[in-house]
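Trainee: Spelled out from the first residue to the last, the chains are:
4 protein chains.
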Amino acid sequence: MVEAGPEAINRRTNRRFEIGEPVCVEEMLWCGHCRPCAEGFPNHCENLNELGFNVDGAFAEYVKVDAKYAWSLRELEDRYGDRLFLAGSLVEPTSVAYNAVIVRGGGIRPGDNVVILGGGPIGLAAVAILKHAGAAKVILSEPSETRRNLAIELGADHVIDPTKENFVEAVLDYTNGLGAKLFLEATGVPQIVWPQIEEVIWRARGINATVVIVARADAKIPLTGEVFQVRRAQIVGSQGHSGHGTFPRVISLMASGMDMTKIISKTVTMEEIPEYIKRLQTDKSLVKVTMVNE
Amino acid sequence: MVEAGPEAINRRTNRRFEIGEPVCVEEMLWCGHCRPCAEGFPNHCENLNELGFNVDGAFAEYVKVDAKYAWSLRELEDRYGDRLFLAGSLVEPTSVAYNAVIVRGGGIRPGDNVVILGGGPIGLAAVAILKHAGAAKVILSEPSETRRNLAIELGADHVIDPTKENFVEAVLDYTNGLGAKLFLEATGVPQIVWPQIEEVIWRARGINATVVIVARADAKIPLTGEVFQVRRAQIVGSQGHSGHGTFPRVISLMASGMDMTKIISKTVTMEEIPEYIKRLQTDKSLVKVTMVNE
Amino acid sequence: MVEAGPEAINRRTNRRFEIGEPVCVEEMLWCGHCRPCAEGFPNHCENLNELGFNVDGAFAEYVKVDAKYAWSLRELEDRYGDRLFLAGSLVEPTSVAYNAVIVRGGGIRPGDNVVILGGGPIGLAAVAILKHAGAAKVILSEPSETRRNLAIELGADHVIDPTKENFVEAVLDYTNGLGAKLFLEATGVPQIVWPQIEEVIWRARGINATVVIVARADAKIPLTGEVFQVRRAQIVGSQGHSGHGTFPRVISLMASGMDMTKIISKTVTMEEIPEYIKRLQTDKSLVKVTMVNE
Amino acid sequence: MVEAGPEAINRRTNRRFEIGEPVCVEEMLWCGHCRPCAEGFPNHCENLNELGFNVDGAFAEYVKVDAKYAWSLRELEDRYGDRLFLAGSLVEPTSVAYNAVIVRGGGIRPGDNVVILGGGPIGLAAVAILKHAGAAKVILSEPSETRRNLAIELGADHVIDPTKENFVEAVLDYTNGLGAKLFLEATGVPQIVWPQIEEVIWRARGINATVVIVARADAKIPLTGEVFQVRRAQIVGSQGHSGHGTFPRVISLMASGMDMTKIISKTVTMEEIPEYIKRLQTDKSLVKVTMVNE
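Chains as they are written, first to last, in this note's numbering: chain A, 90 to 383; chain B, 90 to 383; chain C, 90 to 383; chain D, 90 to 383.
A few of these clues could be false.
Under 7 Å between C-beta atoms, here's a sample of chain A residues computed to sit facing chain C [what the hints assert, rightly or not]:
#	residue
1	Asn-103
2	Arg-124
3	Gly-129
4	Lys-157
These are computed hints drawn from the structure, not numbers from a lab. None of these values were measured; they are calculated from a predicted model. Note that beta-carbon positions come from the ideal geometry of N, C-alpha and C, so glycine has one too.
Kindly produce the complete structure, drawing on both the sequences and the hints.
Mentor: Structure representation (structure tokens):
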């Protein structure tokens, strides 16, 4: 942070931001007064702006945002040192996963099993979060070997290559027939994976499974109501990363040892970022923050 | 109740059942020791027997069941008088609806709107329960005029004939564009009504809707993940009526004024019931109960 | 509403407020960006202002507040007519009760029993809300006969004069020994009523009771841990009325028939209000609203 | 297991128990049909028997119990080898802690802080469970150095000697002023520690704290209602270890690495156990199990 207005409050201290405070920011610029915001659901703001979408983004040396979207990274300094802003850049995608599996999915009770379908940044973050949440078995299904290996580094107990292995049999085998309490659909091809999720739920002995849909997809999902009736299961859709205390909890998790920087495959310089995304956004902002790219 | 074994405990008193205690019984004979039962989910018992399905049923003068499935109707006596057993016969189907909208659907907060699709016994019971739970607007969609009229008697604020009216526009109109917190799929034709439910959720300004699937159907449901993501919505499957304190709460609701006997369209004598269902069941039972047919 | 700024959005329409829209406003002026606000808990805002406490209040012909604290009363017009603003003036105290029993207390399942201790405005509103939420038995304990009679008008099934009756025996008697799922401490003398609440919980057969503390009191409460262990009970403190969708739900409840105007004992003219509270507040406000006194 | 009746079902397989299956058993012999049991709350069974209390206990070569109280330890075999039954003997006390902090306390969201007061077996198990549940900071307060060291081995981030350090300042310091989401009262001297818990809650910036009372104590607790109102906090009482899927989840947690055998300070032979507790219990039992002492 290089500049802060007089009303730019740091939630770490409930005092004005000090110059030099390292921060990360939410990407969703929620209004705070529409009906969903007033009820505590800023991810569904009726007047949403998004950094890098409809307002200028963070591929820039400086970006100006309202202080209410900024969260201090101070507690990451000791553990991450000169990787501080690399860690900070991962708070947002990790918060998307956290919102999906913890806030919307309801989390798990320690000792439950979970299955993550898709090993992109959100799926990988979900692996780390759920292993830290006490999952007995975290299983990732993902075609890319690189991503499967990352999942193992982040705590996955088992990984499945769905192009070569039978997903259903593998999950039932790894869980001694119990199945999983939580499934995360993070592939973007639900029409392909959904019937397999349902088959696990149907054949597994565990009940009460929750399927969280976090990846966006146009395809219709062929839902079998009876599976969710007989197995006492549920489905939730997840969107966003704001609110619900998610950002500060993700930062605290990272501070206490959940190292998401493992998923960084490459860092680029500002010069490598196309010129057209370098402009600063201009209005309704009180704080300038220095960003590394995500 | 005409006979009770020495270990047949009346949960109303935690003492042995007395002869003459009016009771109703659950139809699901859960084992009480399998994994789901031990976790508190008897509707998903792994060793389930069902009265009138795989064991002899209640179209009989006497039926013998374990006391743990019987619930006293004593508190209904004052209000229902000689209609006591008619009221009692409705506890089970009302409990199916209660399990769907309250236990599985999570209920509502007073002031929320709800939409019931399908006006059979379960849908009608849901109308009554949710009106008693403080729904601001209870809306029923049902082609049969008779059933729509019953819904109004049970407390529905608005009824829709989906064969003549535009369901989506009607719901949005009746709710001032807010939509509903809870939808109950009780039609058995989800492939038809589902796209309309999704359109209401998508266009309505209220978020956090829950769709409860209670009717059984073979058809695949064409689920649009994005609707449930953007509108923060969820889907749950519901099965059964046992456990979770449902039977006694339904009885207390009836005692305090929720009169379900309005949905009884006809009563028949025992002679009119086919001979083959009159046999008594014979094993694992400690209590004999007098039943009216449901 | 007599004047509205260009960014004063009406949450009923998500468009700018129109002149003439009848509204009521929250009394808690939450900041929207502190840590509790950002997590969805505006009742615990770290930068709270309060209308009529530290900022000028609403005993005035006009009051200027930010639009985000205002809620449309449009849906009350049909039912309340020229009593519209009387009804509107009761949204705030009713929301305090709603926050206590529904948001903080977790509400009830239809068919549960509840006990309200204290028949002031909050206790009386709780009676009405919980009866509308499907309580089988709503019991009020209150020394004043006037207030007990109001409680009966608002839906109480039983009232107790604790100065003449045995509270514990009465509750156990009215509930057939089951006790209550929810107790609301709204007396302000917890040191007196608490031992009686605990005795009911201890002796009743129902478990899982929740005691909500809503009245402020300096006295220490003599808590017996064992009662809450053996009877699986809990205690929550409640403060405020903002957030959580409470105001709009209370308005919808009033629109659908919960008539709180019954508790109005007297209306006064503006001239009767002391001169010193008539000044308008002056800053950080975008909307002028016409208020009746509460 | 050395003998199993024809109806003794192993919940691991939903088939009859095989001779040789290693098991542990619940100590609470719940009836399964009383009102609390039928609602899913066996820890509050109205007809409870307890192994080693009112029925003969497990300080014996063989003990006969109904199969519904037995849980397979098969999944612990690989990790624990010849320490299998030592691990198994810890499932019960760990389940008491699990019931307290996860089932009754509602668990935490990963990244929350927790404070455990008292480092006996329950407090130590809570340390391990909550660290596995993703607590950012697990803080234990306990006078005994031996127990504080065990807590560190089980995952505590900070330990406090309340006889030498200022508990309140230490907790606020370790949590950067945020305080804790969950406090476990496991000391048995609540009259001493309660005011300190309240002071942390009052001064900390985090809201929504839950205090779980698990230790039994006769002393009245001096509860300050305002603390729980202003800080949006709650109190729950906890009793027992049965139901809610607790035993199997604890076993799965142990299988996935939560090694509770670290708290075993001494093992004794059967001969060392007083003669009078060796008798076998005799009735209502279907299964014989081999036990190590707890």
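Trainee: Looking back at the hints listed earlier, which ones does the structure fail to meet?
Mentor: Of the numbered hints, all hold.
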